[in-house]
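Trainee: Here is what each chain is made of, one letter per residue.
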Amino acid sequence: KAGVTQTPRYLIKTRGQQVTLSCSPISGHRSVSWYQQTPGQGLQFLFEYFSETQRNKGNFPGRFSGRQFSNSRSEMNVSTLELGDSALYLCASSSGAQGYNEQFFGPGTRLTVL
Amino acid sequence: EDKVVQSPLSLVVHEGDTVTLNCSYEVTNFRSLLWYKQEKKAPTFLFMLTSSGIEKKSGRLSSILDKKELFSILNITATQTGDSAIYLCALRYNFNKFYFGSGTKLNVKP
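Protein sequence lines, in the order shown, are assigned to chains L and H.
Positions in the first sequence are counted from 1; adding 388 to them yields the working numbering.
Positions in the second sequence are counted from 1; adding 801 to them yields the working numbering.
Keep in mind that the hints were calculated from the coordinates and are not lab data.
On a predicted model such as this, the values are computed, not experimentally measured, just so you know.
Among the hints, a few may not be true.
Chain L side only, calculated, beta carbon under 8 Å to chain H, not exhaustive [stated by the list, open to error]:
# : residue
1 : H417
2 : S421
3 : E436
4 : F493
5 : G496
6 : L499
7 : T500
Simulated restraints on C-beta separations [said to hold, decoys possible]:
#  : chain 1 : residue 1 : chain 2 : residue 2 : range
8  : L       : G391      : H       : R832      : 19 to 27 Å
9  : H       : S808      : L       : S474      : 37 to 45 Å
10 : L       : S439      : H       : E827      : 27 to 35 Å
11 : L       : T500      : H       : S811      : 19 to 27 Å
12 : L       : G450      : H       : V814      : 39 to 47 Å
13 : L       : T426      : H       : P809      : 18 to 26 Å
14 : L       : K401      : H       : T878      : 38 to 46 Å
15 : L       : T426      : H       : E827      : 18 to 26 Å
16 : H       : L871      : L       : T426      : 19 to 27 Å
17 : H       : S852      : L       : Q429      : 25 to 33 Å
Here a beta-carbon is modelled for each residue, glycine too, at the ideal position from N, C-alpha and C.
Assemble the whole structure, with the sequences as input and the hints as a guide.
Mentor: See below:
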């Protein structure tokens, strides 16, 4: 079974630009969560999508948004990029069923904002 | 904001040593506490703890949760260089909402 894939793996943008990151979950998984990881703040939860609906949300500004498609693939968009948005963005997929089901993480997208 | 604090932030040991990593938190309305190992990019799942006082073991790794004192520990015995990684703990709320600590960076020297 193929794992979680994220594209692109590396990205360089300048301040003010916008960026879209993509995550393809494990086949059959309906839940996709997004995280931002920085050395200072650790791993922070952005949001979770399940069946094309945002089910959970962390404490990030509105510049961070996401969506999920009918095939469970998810995209995350960051508008008006700031230097502080430089981070590793991880997505994780799980079956999303009631109760706990293990999350499997993708390799991440390293975003650098200049 | 909910807080998950891990200590120490980093640790250097030699092969064969035993290490104890700590995770303390300030809230009580979570469903479970999880431990992950992050070697390069993608964290991988180690343990999920739901009940207080019940130890979970997997080989040389073990973990326990103390809901009264609001902490969890992850023990690694007879450490190996392959244990070098960042160890993350996280609180899980409803469905897949997680709050992670900043992690403990473990470096095991030969």
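Trainee: Hints first: check each against the structure and report whether it holds.
Mentor: Structure-based check of each hint:
no.	hint	in the structure
1	H417	violated, 11 Å
2	S421	holds, 5 Å
3	E436	holds, 5 Å
4	F493	holds, 4 Å
5	G496	holds, 5 Å
6	L499	violated, 13 Å
7	T500	violated, 15 Å
8	G391/L x R832/H: 19 to 27 Å	holds, 25 Å
9	S808/H x S474/L: 37 to 45 Å	violated, 26 Å
10	S439/L x E827/H: 27 to 35 Å	holds, 32 Å
11	T500/L x S811/H: 19 to 27 Å	holds, 24 Å
12	G450/L x V814/H: 39 to 47 Å	holds, 44 Å
13	T426/L x P809/H: 18 to 26 Å	holds, 19 Å
14	K401/L x T878/H: 38 to 46 Å	holds, 45 Å
15	T426/L x E827/H: 18 to 26 Å	holds, 21 Å
16	L871/H x T426/L: 19 to 27 Å	holds, 25 Å
17	S852/H x Q429/L: 25 to 33 Å	holds, 30 Å
Hints 1, 6, 7, 9 from the list above are not met by this structure, while the remaining hints are.
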